[in-house]
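Visitor: Given next are the chains, with one letter for each unit.
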Amino acid sequence: MSKQKILQLDNVGISYNRKGGFLGLGGDVFWALKDVSLSIYQGETVGIIGRNGAGKSTLLQLLAGILLPDKGKLQKFMEHKASLLALQLGFIPYLSGRENAVLSGMLMGMSRKEVEARLPDIIEFSELGEFIDQPVITYSSGMGARLGFSVAYYADPDILLIDEVLGVGDAEFALKSTAAMFEKMQSNKTVVFVSHQTSLVQNLCTRLVWIEEGRTILEGEPETVLAAYMGALEHHTHPTQAA
Amino acid sequence: MLTQNQLKFYHSYLELILYKTYADLRAETERTYLGFLWWVFEPIMYMFVFYVVFAVFMGRKTDNFVPFLLIGLTIWQWMQACLAHGSESILGYRGLMQSVHLPKVIFPIILILTDSTKFIFIFTILLLYLWISGFTIGLPYLALPLVLLVELIFIMAVTFFLAAIVPFLPDIRFVVDKVLQAVFFASGIFFASESIPEQYQIYYYLNPMATIIESSRDILMYNQWPNWQLLFIIGFVSSIGLFLSIRLIAHFEYTYPKVTM
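In the order they appear, the protein sequences are chains A and B.
Sequential numbering of the first sequence, starting at 3, is according to the working numbering.
Sequential numbering of the second sequence, starting at 14, is according to the working numbering.
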């Protein structure tokens with residue numbers, strides 16, 4: 003089965019100017035991504051693994067269109083909207099749940115009409131009932147999390163980018179939201195999933211990309227990549243030196 | 014010509030700007046018991062202080078000093094509020110812009126819309142006060158929208174420029190604060206330009222707010238047409254400034270999310 007390629011990164015790097023010292027003169031340039039190459043195909047679930055500080059979150063920001071490559075090439079093969087699963091994005095505590103859902107949905111790229119059409123589903127999924135018209139400031143943290151997740155879940159971009167968090171809220175809702183995300187990932191949805199949890203990655207992803215210190219180390223079948231990754235972790239070897 | 018897709022693109026951002034402005038205004042009213050009445054009370058209390066100082070203590074109740082002062086303060090406050098809030102907007106929303114891509118120019122626009130909405134309230138009250146005090150509506154009122162438009166373009170040009178550079182130079186906010194304070198006393202809010210010695214007048218009019226305030230008084234108090242020539246120059250230069258500031262923000266579009274303080 004040949005799937006359609008959505009986008010491709012070739013030797014991409016992203017740099018930050020770090021401020022330091024008086025007038026910021028002591029600053030230096032830090033490359034969060036140094037040399038990352040990968041492709042995203044329609045309908046697949048790509049897992050990104052790597053240790054803390056490997057550049058996984060920066061990579062997601064690049065895919066979300068928040069950052070541009072400072073070196074290398076990013077090619078888009080089809081029109082698409084990629085966005086991060088951002089919980090409670092732009093929430094204003096003094097407004098009602100309904101207003102926050104509309105605002106948050108619009109910030110995620112939906113038109114007002116689209117959000118309003120999905121509102122009944124969002125409200126139902128969040129299980130907030132009549133609380134939806136109460137100010138969010140009166141919500142428990144669990145209720146806020148439920149609403150935040152529901153809006154993000156129904157935002158439904160072409161490429162969904164997930165940074166670690168699958169499910170949220172109290173135990174019951176965490177199960178429900180995680181199950182909903184599983185379902186979404188296993189459907190024809192294009193998902194890029196960053197995680198530390200190797201068992202999750204193995205079960206959910208169709209392909210894995212391992213990055214370390216801003217470089218792509220390995221890309222391929224989950225079993226192969228995970229085995230190499232676990233091996234490197236056990237031996238404490240530095241993958242960039244080993245490879 | 015704009016394509017269908019571009020139209021949809023602009024429409025969705027316009028919709029977002031309007032809804033976010035509405036949401037911010039509503040959040041502000043929800044935070045207090047008196048709600049949106051504060052948009053009126055706050056400037057009235059502020060102006061009352063000036064009224065007491067100038068009209069009562071200093072005894073300048075005659076020769077229409079109170080309306081003279083109130084027009085100056087109202088016109089000035091609009092600019093000051095937009096500048097103070099708008100210049101921090103891109104810096105202030107950096108958390109949001111690290112989670113989602115949005116054109117950064119929408120942040121100062123939202124802040125300016127918020128403060129302009131409040132200005133409309135207070136300006137309406139100013140008009141009512143003037144009419145009750147016996148000032149009449151004359152033909153020069155036709156020029157009022159133009160004067161306000163020139164001020165709006167001037168506000169946008171300065172605010173966008175500051176919003177563009179504040180994320181890189183946060184210290185500039187303190188400078189802006191002090192400069193505003195200084196210019197406040199040099200904008201003819203408390204005095205008429207005639208009281209300035211002839212040789213300094215040219216410097217006085219380098220400050221666009223002096224012309225804008227004076228033009229507003231010409232229309233609202235003296236039933237006279239404003240100074241077209243100066244207004245045109247301010248509008249023209251501000252438009253260029255606005256264009257350049259928008260380009261500046263666009264230039265740093267993908268740099269702002271990386272700014273960490």
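For the record, the hints were derived by calculation from the structure and aren't laboratory data.
Backbone N, C-alpha and C define an ideal beta-carbon position, used for all residues, glycine too.
Be aware that one or more of the hints could be misleading.
What the hints assert, rightly or not - Computed list of lysine-lysine pairs in PhoX-like fashion (alpha-carbon distance at most 25 angstroms, straight line): (1) A:Lys191 to A:Lys36; (2) A:Lys75 to A:Lys7; (3) A:Lys191 to A:Lys115; (4) A:Lys83 to B:Lys131; (5) B:Lys191 to A:Lys78; (6) B:Lys191 to A:Lys115.
As the list claims (entries may be wrong) - Away from chain A, derived, C-beta distances all over 12 angstroms, residues of chain B: (7) Glu28; (8) Leu29; (9) Ile30; (10) Tyr32; (11) Lys33; (12) Glu41; (13) Leu109; (14) Met110; (15) His114; (16) Leu115; (17) Gly151; (18) Ala156; (19) Phe181; (20) Ile215; (21) Gly248.
Said to hold, decoys possible - Have a look at the derived ranges for each label pair, beta carbon to beta carbon: (22) B:Trp241 to A:Ser143: 57 to 63 angstroms; (23) A:Gly55 to B:Phe187: 42 to 48 angstroms; (24) B:Thr16 to A:Ser17: 31 to 37 angstroms; (25) A:Ser113 to B:Glu55: 31 to 37 angstroms; (26) A:Gln44 to B:Glu266: 40 to 46 angstroms; (27) B:Leu109 to A:Ile139: 16 to 22 angstroms; (28) B:Glu266 to A:Ser143: 55 to 61 angstroms; (29) B:Ser208 to A:Ile139: 48 to 54 angstroms; (30) A:Ser113 to B:Pro210: 43 to 49 angstroms.
Visitor: Given the hint that Lys75 (chain A) pairs with Lys7 (chain A), does the C-alpha gap stay at or below 25 angstroms?
Guide: Given pair Lys75 (chain A), Lys7 (chain A) holds - Cα atoms ~15 angstroms apart, limit 25 angstroms.
Visitor: Take a quick look at His114 (chain B) and tell me if its Cβ sits farther than 12 angstroms from every Cβ on chain A, holds or violated.
Guide: At about 4 angstroms from chain A, His114 (chain B) fails to clear the 12 angstroms cut-off, so the statement is violated.
Visitor: When you take the CB atoms of Glu266 (chain B) and Ser143 (chain A), is the distance between them in 55 to 61 angstroms?
Guide: Given about 34 angstroms between the Cβ atoms, the range is violated.
Visitor: Over 12 angstroms from every CB of chain A: does Leu115 (chain B) meet that, or does the non-interface label fail?
Guide: violated, 7 angstroms
Visitor: Are all C-beta atoms of chain A more than 12 angstroms from that of Ile30 (chain B)?
Guide: Non-interface label fails for Ile30 (chain B): nearest chain A Cβ at 10 angstroms, not farther than 12 angstroms.
Visitor: So if I understand the rule, the pair passes when the alpha-carbon distance is 25 angstroms or less; does Lys83 (chain A) with Lys131 (chain B) pass?
Guide: Violated. Lys83 (chain A) to Lys131 (chain B) sits at ~36 angstroms, over the 25 angstroms cutoff.
Visitor: For the range 16 to 22 angstroms, tell me whether the beta carbons of Leu109 (chain B) and Ile139 (chain A) fit it or not.
Guide: holds, 19 angstroms
Visitor: Determine whether the Cβ-Cβ distance between Trp241 (chain B) and Ser143 (chain A) falls within the hinted range of 57 to 63 angstroms.
Guide: holds, 59 angstroms
Visitor: Examine each Cβ of chain A, and state whether all of them lie more than 12 angstroms from the Cβ of Lys33 (chain B).
Guide: violated, 7 angstroms
Visitor: Does Gly151 (chain B) sit more than 12 angstroms from chain A, CB to CB?
Guide: holds, 42 angstroms
Visitor: Is Ala156 (chain B) truly not at the interface, in the sense that its beta carbon sits beyond 12 angstroms from all beta carbons of chain A?
Guide: holds, 36 angstroms
Visitor: Measuring from beta carbon to beta carbon, are Thr16 (chain B) and Ser17 (chain A) in 31 to 37 angstroms?
Guide: holds, 34 angstroms
Of the hints listed earlier, those the structure fails to meet are numbers 1, 4, 5, 6, 7, 8, 9, 10, 11, 12, 13, 14, 15, 16, 19, 23, 26, 28, 30, in rising order.
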